[in-house]
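**Q** What follows is the residue order along each chain.
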Amino acid sequence: MAVEAQVPYQEAIDVHHPHSWLARYWFSQDHKVIAIQYGITAIGVGLVALVLSGMMRLQLGFPDSFDFIDPEAYYQFITMHGMIMVIYLLTALLLGGFGNYLVPLMCGARDMVFPFVNMISYHVYFVSVLILLASYFVPGGPTGAGWTLYPPQAILTGTPGVDWGILTMLVSLAVFIVAFTMGGLNYVTTILQARTRGMSLMRMPLSIWGIFMATVLGLLAFPALFVSAVMMILDKTIGTSFFMPAISSLGEQLDYSGGSPLLFQHLFWFFGHPEVYIVALPAFGIVSDLISTHARKNIFGYRMMVWAIVAIGVLSFIVWAHHMYVSGMHPYFGFFFATTTLIIAVPTAIKVYNWTLTLLRANIHMTVPMLFSIAFVITFVVGGLTGLFLGNVIVDVPLSDTYFVVAHFHMVMGVSPILVIFGAIYHWYPKMTGKMLDDRIGQLHFWITFLGTYAIYYPMHYLGFVGVPRRYFANGEMAIIDESVILLNQGITIAALIVGVAQILFIWNLIYSYYRGRDSGPNPWKATTLEWQTPETPPRHGNWESRLPTVYRWAYDYSVPGAKDDFIPQSEPSAGEREGAPLA
Amino acid sequence: MAEATSTQRLQLVEDWAADVAVFRGVPWGKAMMWIFLLSDTFIFSCFLTSYMTVRMTSAEAWPNPSEVFALEAFGVPVPLLLIAIMTFILISSSGTMAMAVNMGYRRKRVGAALLMVVTALFGASFVGMQAFEWYKLIVEEGVRPWGNPMGAAQFGSCFFMITGFHGLHVSAGVVYLLIVAYRVWRGRYEEKGYDIVEITGLYWHFVDLVWVFIFAFFYLW
Amino acid sequence: MAETGQQHPISIYFWIWGLLFVFSAASYMVDYAGFQGYLRWSLIIIFMMLKAGFIVAIFMHMRWERVALITAIMLPPGALLVLVCLMAWESDYTWETRIVYLGAEIAPEPLPPPSHH
Ligand code: HEM
Ligand SMILES: [Cu+2]
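Chains as they are written, first to last, in my numbering: chain A, 1 to 584; chain B, 1 to 221; chain C, 1 to 117.
None of these hints come from the bench; they were simulated from the model. Errors might be hidden in some of the hints.
Selected chain C positions facing chain B (Cβ under 10 Å, derived; list incomplete) [as the list claims (entries may be wrong)]:
hint	residue
1	S27
2	V84
3	E90
4	R98
Covered stretches of chain B, as calculated for chain A (at least 3 residues, CB under 8 Å) [claimed, not checked]:
hint	segment
5	15 to 27
6	54 to 68
7	199 to 207
We put the beta carbon where it would ideally sit given N, CA and C, even for glycine.
Work the whole structure out from these sequences, hints included.
**A** Take a look at the structure:
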């Protein structure tokens, strides 16, 4: 009903059939083009962050060997690396990239509900990236405040980039949030209001559930970051004291008085914790679909998976201060937040069990996406378990601000989602281009990346236990630093450099396969979801022919006994089934 | 009554379980506006929560808004006089907006356009009075974002930031209203229908709604 | 119903308009009469919630929307309630530490605005 009425289908196709390169690739309102724009920009800026991490590793592994890395530069690397990875790479790639590509296709829509707003969303995101990168060209360079940007230190003399860098960072974040909001409103509205006939919420692929919940979290959590960015800009530029207490700097009493640095931390983490799930939930969803498809078996406990996503989303708003156990906040808060944090582990654990149970006695195809998916499950378990340590106040106090924390968050929100992203790109590249990615390069890329990341992060847990502090430029002659630390740091650096360089394989594969890859056909993985049933590959603007597909079943009909293939597409009615008959 | 709630509960489950659209009969634009307003609620709430926090943690005196925002009328200072007028103006604008929506759905497009223009005028006068209030505060009372002669510096910071952000919303709303009013008047929505007036109205009422909270928490606390 | 747009008799809008005036005037009077303490707070918050409720329910037509939309919009702000309550609690604690450890004075009186000297 409403679908046909609200999509001016022919009109949409006619109005913007592309004429020039610019109209086709820059001012395109096609969600698939916008997705690829988001993807390329995010990967590009992500490579910058990767190079920055390499430089940090050089310094940590071989201190005093590199003249161009002084403490200032190191802090700038750390800050830009962390912020780019979390926001401009992962958030943008998972939601702007995969969200844009998959939502209309998997829901059976022609496009996002407001394609023009969607296009502007990308342009604004692009501007935010430019502002961020401009940090390197302003006097004083980018801010070195750490990705958490805590005041008072973020805007006091002594922190690198205090003149301009902190402002470009804050403005860039505010602009990013505007871009995200425009895109996010589109994804949510499309999922809620523009699914095709038969695609009830409980038949949606888990990818869409993850993207949906993550976007909702984004729309509700980014406001806190936006507000804190605005207030910090005011503190910095016109001298208000929202976050700045009475303070003296370099022996001089400053004009600030009465502000609350703790307020910033609370606002930041009210955003920051949901942000972890903004990155994790799409990865959870996507990996569920990858596992099910490449193991030719229905996902175990679909409903439980959906409710777990919802529960995690809700709970993620009441755990934020587990990042603040050592901040000097109200002493009773530790109890409250440790409790909620341990509760959120329950739905998370359910998801892990369900992935494992899906794999149990399945017909596992060791394709590249499957390799990455299994790697994800293993890595996520490691990162999740260390999270239980850090969630408890007493255990966290000695571990806080050590390399144990660095190891934990890289495992759980760095490596894990990245593994899923790689898997997802290997999985959906054929739909985006009509070509398969090269399998042998893929395998090589996988093994180097997977083993390499363990070589990097596993030893970091140990570094944390022996007390190596986080965010230190050099450990010098500290008495607590063991001999073994020096050796390990060298090993980690070598591993990091190998992993970093190995990503060239991946980029090469993307480019090479685009021109020379094997033709994939419309559905190389024999998958059930709607995007594989499009009339053309890659799908054209408008996605479907004059009629939208109708959905008759859930997304996980693999290896159904008695069926002629080992998969049944969502759009296929079974013999004698009435239209829209409920799922058995 | 009990029956009504149980059918409503059923309806809730049915709607969320339905295919195609969860919000039955709600146009895309309206659904999107509601979700945007939800997001904007979080923005304003974070501003107000920050204000609460700095005010409650302040060890310095908080200036008394009822005195600070008093206005001389007939030789006596009347507390919050201008604020009261501004409040009434904004409420009235919400009233005219609601009528405009009604007119739109009844396809009286000239009436709808006119009422929207009236709404916009109310909005513009609100912004004008706010400008006057800022002027008075800065020039006469010596309040600055970074300090003031009466007490805690955060008084000025919060005031300018929150009313400023609200004022920006009102100003944007005035422009939005005028654009839509013009299009309504030109008959652009004769075929598509007048949902757009309701959507614009949602935004406008939301701005009024935010003011309700600012009025209570900033001026009356 | 919703399918044909939100159609309601004009009179209800006039009623609400009037009520909003009354509640605004009432909350203004709370300040004018100089009520303090819990009385002031409960009155202000009651009037505020009434005004907000009427604006959302009638002017924004929430009352006539389907439950699915109502729940989707009204439940998420619960997260804000948690934030506000915890921050109020936190603020009290910060304030106490300022009094105890930083030697700040308890509740000094504000100076009058300069123009009223
Ligand atoms: C090969 C890949 C990576 C390497 C070698 C690497 C290396 C590093 C290093 C050396 C630090 C500084 C630790 C310190 O001195 O305390 C760091 C910090 C950080 N990294 Fe990574 N990283 C990588 C990938 C990622 C990814 C994918 C993410 C995405 C979440 C990420 C997020 C962060 C964050 C948030 C910080 C904290 C920054 C701060 O302390 O302000 N990293 N990383
Ligand atoms: Cu967290």
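**Q** Return the numbers of the hints above that this structure violates; sort them in rising order.
**A** Hint 7 alone not satisfied by this model.
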